[in-house]
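Residues per chain are reported as follows:
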Amino acid sequence: MFLVDVILSGLILGGIYALVAMGLSLQYGVARIMNLAYGEFTIAGSFAAYLLFSASGLSPILALAVAMPLSFALNWFIYRLLMTPLVRRAKSPGALEVDSILATFGLLFVVQGIMLVVFGGSYVSYSYLAVPVDIIGSTVALNRLLAAGIAVAIALGLTLFLMRTRIGTAVRAVSVNPAAAPLVGIDTTTYAAFAFALGGALVAGSGVLVSMFLTFNAAMGVVFTMKALIVVIMGGVGNIFGALVAGLILGLAEALTAAFLDSGLTLAVNFALFLGILLVKPTGLFGKAAR
Amino acid sequence: MIARNWTLKDWAFPLVVLGGAALLAPLPAVAGSYWMALLVNILMYSVLATAWALFSGPTHYVSLATAAFFGLGAYTMAFLGEKLPLPLVYPAAALIGAVVATVVGLSTLRLSGVYFVIFTFGLAELVRQLVTWGEAKFGGTVGRFVFIDVNQQGIFWMLLGLLALVLLVGYAIQRSRLGWALRAIGEDETVARHSGIDTTVSKVAVFVVSATFMTVVGAVMAPRWTYIDPSIAFNPIISFQVLIMALLGGAARLYGPILGVVPLAILFEILQANFPNSFSILLGLTFLVIVYFVPNGVVGLIDQGRDKIARAVGRRPHPAE
Amino acid sequence: MQPLIELHGVSKSFGGLKAVAGLTASIPRGEVVGLVGPNGSGKTTALNLITGNLTADSGAIVFDGRNIERQGAHRIARAGIARTFQLVRVMPTMTLAENVAIGAMFGAQPCSPAEAQERALPLLARVGLAARADQRAASLTYIDQKRLELARALAAHPQLLLLDEWLAGLNPTELKDGIALIASLARDGLTIVMVEHVMDAIRALCSRCIVMNAGTKIAEGTPAEALADPDVVKAYLGDDDA
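Residue numbers (the numbering used here), protein chains in the order written: chain S, -2 to 288; chain C, 344 to 664; chain B, 522 to 763.
Treat the hints as calculated values from the structure; they're not laboratory data.
Do not take every clue at face value.
Said to hold, decoys possible - Residues from chain S that face chain C, not an exhaustive set, calculated with beta carbons under 10 Å: (1) VAL84; (2) ARG86; (3) LEU99; (4) PHE106; (5) ALA150; (6) GLY154; (7) PHE158; (8) PHE210; (9) MET223; (10) LEU264; (11) ASN267; (12) PHE268; (13) LEU275; (14) LEU276.
As the list claims (entries may be wrong) - In silico SDA-like cross-links for lysine to any residue, where the CA-CA straight-line distance does not exceed 25 Å: (15) C:LYS651 with B:SER660; (16) S:LYS88 with S:ASP2; (17) S:LYS278 with C:ILE645; (18) C:LYS480 with C:GLU425; (19) S:LYS278 with B:GLY537; (20) S:LYS278 with B:THR565; (21) S:LYS88 with B:LEU661; (22) B:LYS738 with B:PRO559; (23) C:LYS480 with S:ALA250; (24) C:LYS352 with B:CYS632; (25) S:LYS88 with C:THR484; (26) C:LYS480 with S:ALA265; (27) B:LYS697 with B:ASP709; (28) C:LYS426 with C:THR484; (29) S:LYS88 with C:LYS426; (30) C:LYS651 with B:ASP709; (31) C:LYS651 with C:ARG596; (32) S:LYS88 with C:LEU454; (33) S:LYS88 with C:LYS480; (34) C:LYS352 with B:PRO634; (35) C:LYS651 with S:PRO82; (36) S:LYS88 with C:LYS352; (37) S:LYS88 with C:GLY529; (38) B:LYS539 with S:THR280; (39) S:LYS278 with B:SER660; (40) B:LYS738 with B:ALA756.
Quick reminder that beta carbons are idealized off the backbone N, C-alpha and C, glycines included.
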């Protein structure tokens, strides 16, 4: 039935949005960095997967093992080099957020510029696991289903990590109260850097996975950044589960809009949802009370 | 309304502005076309950056929406320029900008500063998508041809007038209760509210003024292009360049942004001419340098220098002592 | 005579936590009333509800004959309620005079910027800060910032002044001066509600004292009566010591 098709594709799209947004949840929720260059790293991951696939036929699933550690290291350096001076000079959390927006805005143009120089502006795509799969009477592409499934798995894994391990609990402590964390022996800077780098690894991974079915070019990072920002803020900052739910809602809304209204209005619907939820619940669906 | 209690000293700045405008007005008669193009660019960015700093300076709410309003103005001209007499198109653009800014402001300025930035970041994309959809659905094609008869001289004079106007309006606001309310909001919004300031109305009011200027600039500049489509009119690079220029000059003073516009407009011309492929990278690097090394802009450096001199010379005795 | 401000069954919860539960109180004009209680008893939340920083889940707050429980903070400020904050908040890059001028400009008797700046100087003199009127507020010591906050609150011409632990963290001399300053404000007819832990100040200044615990009022009366109440002792010290 048509509605089932739409809902299913909406849920899968939502899962993919959640996947893309989870890294930002860590970067903003824990390290307090509002990273406007976030989407550029998604695209960078996509290009990396594309290069590996066309050069050596390496499966994107395996490319994850290359892209994610690389991105982790790169983002660790970015935090240490670019973000710590801002953290040090910020007089309040609000000032740090504004400063990080400005700095990552500049970073956006640098990273996008590098990719434009190296890859040019043309669109690129490749095909992997574009196999139709039958689910409750609906047909879905295997690669999309895989990406959405991995999103759920990562969300659960990350939540377990944050809730059940020592390191994860320390990360949560830094997120909840960065001023008090050092009082219990937590090195806030290192954990913030760790969270930022982990977020970077996740976003590169998401870029690798979406490259399986998406046609992309070097200028598309901004769109990913915006969707990720909407998902993270809608879901409640720092809340992984919230990001998953918000992503699903977003995907569903988009699929329904494209099917029953007009596919040219998807961004408008995104923003309408974003605004609507924030006006009713200013800290997002699952957010904690105001900082 | 506002100038009733002004002393002679208070009239100094407005007179300087009007005098400066009078001095620059005859330029088109003597300048060659290359210089005219550069001057028009500098004037355009000056108005945009000053208008940007009107709101984002005192409140510290970084607006990335410049491109959205500029594009709206350009599109208004493209749409109405051949249907209405020109003197009506500019006020129409101003009205459209004011209405959109009121809607955007009322819905997003209740949120915290960071969420406002995010929304303005996406606003240009959102407006672009809506215009594309509207054009495709009702107009049939997405691009438009623009054949409006305004020459470079006319654009120069209109921008000069706008620059003088935005500086005067900014000056009047600064000295009024609204200006004080904005400063209080930028210092501590909670205290501002508890002191009796209606923070939402204050923020929206100045945001609307700022956006209206940006929209009119877009309408003024539109005749320069013969063909316009949403990705040209709503190009996010404008938001970014205006931001860099205002930050370099310093948003704390009214004349600060202009100090940043002049060197950067020239720099960007040179970069774009000689390194068109790496323009984006160089733009980003320039911005990072400013954010890290000159965060309060040239104006901030001037203020710091003044403080140092005051300390070295020794404090002047306070009149009450 | 009608009380200046009354609370009727005011409640506020945060998630599962009942910060204020059915608080009913009445403050007559011209009195200095102490609001005391152990930490977490809901005193600051009560202040926040009065000033409009928070909106009550239920109940009514009547100020000068009007219901204000649904009004925004700026309306309430203009109606004549001013406050200081538990963690002092001044406008750091503005001068002292400018800080106070903000209070005058937008308070209960609004005026132009020029007039507000004129009104600021005598108020700064009242709190002992006149000599530094042109200094940046960020350069002040903690206690001077508290005085500045008080001057800013007074500039708004309030009928009701709410002090949130204004005397906290002072040495004995500063405390004596602070108590004298509040006493002089009371003599001028200002109605004051003080949230305090410094019992000496409560005994010296307050004609009445309201004790809160776990979000409700558990005792009321003169400071001597209220603090001797067995429920109050139990709340502060626990069952065994009562």
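Verification of the hints:
1. VAL84: Because about 13 Å separates S:VAL84 from the closest Cβ in chain C, which is outside the 10 Å limit, the hint is violated.
2. ARG86: It holds, given that the least Cβ distance between S:ARG86 and chain C is near 8 Å, below 10 Å.
3. LEU99: For S:LEU99, the interface hint holds, since the closest Cβ of chain C sits about 5 Å away, which is under 10 Å.
4. PHE106: holds, 3 Å
5. ALA150: violated, 28 Å
6. GLY154: violated, 28 Å
7. PHE158: violated, 26 Å
8. PHE210: violated, 22 Å
9. MET223: Status holds, d = 5 Å.
10. LEU264: holds, 5 Å
11. ASN267: Result: holds, 8 Å to nearest chain C Cβ.
12. PHE268: S:PHE268 check passes; min Cβ-Cβ to chain C is 5 Å, inside 10 Å.
13. LEU275: holds, 6 Å
14. LEU276: Constraint on S:LEU276 satisfied, holds at 7 Å.
15. C:LYS651 with B:SER660: holds, 16 Å
16. S:LYS88 with S:ASP2: Roughly 51 Å between the alpha carbons, so the hint for S:LYS88 and S:ASP2 is violated.
17. S:LYS278 with C:ILE645: violated, 43 Å
18. C:LYS480 with C:GLU425: holds, 21 Å
19. S:LYS278 with B:GLY537: holds, 17 Å
20. S:LYS278 with B:THR565: holds, 23 Å
21. S:LYS88 with B:LEU661: holds, 17 Å
22. B:LYS738 with B:PRO559: Roughly 12 Å between the alpha carbons, so the hint for B:LYS738 and B:PRO559 holds.
23. C:LYS480 with S:ALA250: Measuring from Cα to Cα gives roughly 21 Å; hence the hint holds.
24. C:LYS352 with B:CYS632: Cα-Cα ~22 Å, so holds.
25. S:LYS88 with C:THR484: Outside the cut-off at roughly 51 Å; violated.
26. C:LYS480 with S:ALA265: holds, 16 Å
27. B:LYS697 with B:ASP709: holds, 19 Å
28. C:LYS426 with C:THR484: It holds: about 18 Å lies between the C-alpha atoms, which stays within 25 Å.
29. S:LYS88 with C:LYS426: violated, 53 Å
30. C:LYS651 with B:ASP709: violated, 44 Å
31. C:LYS651 with C:ARG596: holds, 19 Å
32. S:LYS88 with C:LEU454: Cα-Cα ~21 Å, so holds.
33. S:LYS88 with C:LYS480: violated, 49 Å
34. C:LYS352 with B:PRO634: holds, 16 Å
35. C:LYS651 with S:PRO82: With Cα atoms ~24 Å apart, C:LYS651 and S:PRO82 stay inside 25 Å; holds.
36. S:LYS88 with C:LYS352: violated, 36 Å
37. S:LYS88 with C:GLY529: holds, 14 Å
38. B:LYS539 with S:THR280: holds, 20 Å
39. S:LYS278 with B:SER660: Violated: S:LYS278 and B:SER660 sit about 38 Å apart, past 25 Å.
40. B:LYS738 with B:ALA756: Answer holds: B:LYS738 to B:ALA756 is near 12 Å, not above 25 Å.
Consistency with the previously given hints fails for numbers 1, 5, 6, 7, 8, 16, 17, 25, 29, 30, 33, 36, 39, ordered from lowest to highest.
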